[in-house]
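Here the protein sequences line up with chains H and A, keeping their order.
So in my numbering, spot 110 of the first sequence is number 110, and the numbers just go up one at a time.
Add 245 to a position in the second sequence, counting from 1, and you land on the number used in my numbering.
Taking CB as the label site, the calculated pair distances span:
| id | chain 1 | residue 1 | chain 2 | residue 2 | range |
| --- | --- | --- | --- | --- | --- |
| 1 | A | A450 | H | P29 | 37 to 43 Å |
| 2 | A | E490 | H | D179 | 35 to 41 Å |
| 3 | A | H333 | H | T185 | 40 to 46 Å |
| 4 | A | R462 | H | R226 | 43 to 49 Å |
Where chain A lies over chain H, by a calculated footprint (3+ residues, C-beta under 8 Å):
| id | stretch |
| --- | --- |
| 5 | 50-62 |
| 6 | 86-98 |
| 7 | 157-168 |
| 8 | 212-221 |
For the record, the hints were derived by calculation from the structure and aren't laboratory data.
Ideal Cβ positions, reconstructed from N, Cα and C, are used throughout, including at glycine.
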Amino acid sequence: MLLGTADVEALARRAPRLESFATEPLSLPGVELLQATFELEGQRIESFFPPGLHPTLPVLAIFAFWRATEGPLGAFTLAQLRLSCRSGARPRQLLVASFVDGERACAALNARFAFGARPAIVQLERFYDRVDARVCVAGVKIVDVHAKAPLPLATSDLQFFASVHPAQTPKGFRLVQVDAEYAITRAERGRPVLDAFDAAAFGAPALRPAYPVAAIVALGDIALPRVRYVVRPDVLAFEGTETVS
Amino acid sequence: MRFGIFYELSVPRPFTPGVERQVYENALEQVRLADELGFDTVWAVEHHFLEEYSHCSAPELFLTACAMQTKRIRVGHGAVVCVPAMNHPVRVAERAAVLDILSGGRLELGTARSSTWTELGGFEIDPDTTKQTWDEYIRVLPRMWTEERMSWRGTCFSMPERAVLPKPVQKPHPPLWVTVTSPGTELDAAERGIGCLGVAAASYAEQERRTREYHRRIQSCTPVGAVNENIATLNFLYCHEDPAEAARTGLAMLGLFGLANAHLLFTREAYPTRAYGSLANLAPGPGRREGSPADGSGIPEGMAIGEPDRIIRAIKEWESIGVDGVNFLLNAAETIPQEKVLASLRLFAREVMPAFAKGKRR
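The following block holds chain H by itself, in its conformation from the complex (with noise of 0.2 Å):
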């Protein structure tokens, strides 16, 4: 099996930190979503990985926008970078990046779930025949991602996938699960366009999404509830993989 390569120590250093396990779940209601997926192109692809995850073959860019209008957090707009992995024979989504527009949003998403959020302006925003988001950090645009000519799907038709943050816990640097559930009430499938995408802004520069798979844009609840497994980044997932009390 494949296995990721990244260099542990050099992960734990950057990862942000989460004090507690013990947070409140989390209801967002009538969240607009973008996602628009990529390959990934380049020899190396399992340097993104920690060896206690494997890749995909391909392994998929996800970015992922979410626009909260109201809610507990108030309202935000989030952009994360998600690439599609393994862990054990699980589908996963290992977390690159995200910036969240909206401070107490930022903040509170860090805190109870390890989203490692910067702030930032993000925008997503839709138009008659595509959806358009960007994320602009200190002026500079780091990402511009659309959608275009979406078009309607059944809400079944969508999947998605629990993501994995790296952190540091109060068991030591993990990846942190995180189970969003999705109560899709719109669903539509556009064409991918990655416009622009400062990969070092993401903090990693040799990330290169090449290939447009999907776009998915939707409209729906969102639940992030508490967290209940950690996996150790170092091994695999059947012997790493700790529930959280």
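Dock chain A against the given chain H, drawing on the hints supplied.
Only chain A this time, still in chain H's reference frame:
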């Protein structure tokens, strides 16, 4: 009951020089032995780009080698991917006919549409279209084999009048099958009068339901060619006199295969579409695990892993629910040494096969 062997040709990492050749040579040796022992069919999949899981991208060549090295065993092209970007329908008909000629009329032709994004994306195939192209292929292939000259104006391809040559040995044509992964495909098979080639593990109860529906529906089918009313299921074989050794070795194969299967990037994970309703493929399904017998062996329900008596009981159960044939995976990424695989085949032939009447095609 008909017994077959089934090849993914999985190759373990690291991909050192010679490792793929060794996998192919081991498989050919197994096929020669299976032919001598009385197995009915050798099947080979068509997969592309699936590192480790399957290095069987040109099954027609592997099956030609099988045919040339054997006398009696049938060769199952199981299955050719029916989308133009991978296989033009004329080329499918031509290659199949040549294989039928070279094997002396021993070809079974399975059809499929691929289930992973790794493969479909690699050929830039729109997943929404594959069911439609598959349907067109299975309607045109019998005509290409049986009509002196033919033309076609279809959705996925068109051609002016030509003679598709050569024609197969079997008349009117080799038996047609479709691989069944998602529930419901057995109905597609029945409605078209073609065989059900199970490649996803199902529980006894689920298989019984599928078998019943298939046989009911095929009675009123509109056949695309010669009717092939047969259901075959997939299984794993490791037969050993010592139950503990059988379980240890067989379950290691099963576990490795299941893990490799879970690592495939199935289409819906990458590309949301209603055309692919299931993530499942060859891995033992949940029904199997839940149905594990309470004997402490850990062997899932219905698996042909164990001592001969146990395997006989499992296959009798498949037989009782109307399954016509069982095809066996013999190894996964060479986790079982070749000598053990051969010994397992010999023991199966000596102790298990005699417990079953030779199956006849419906």
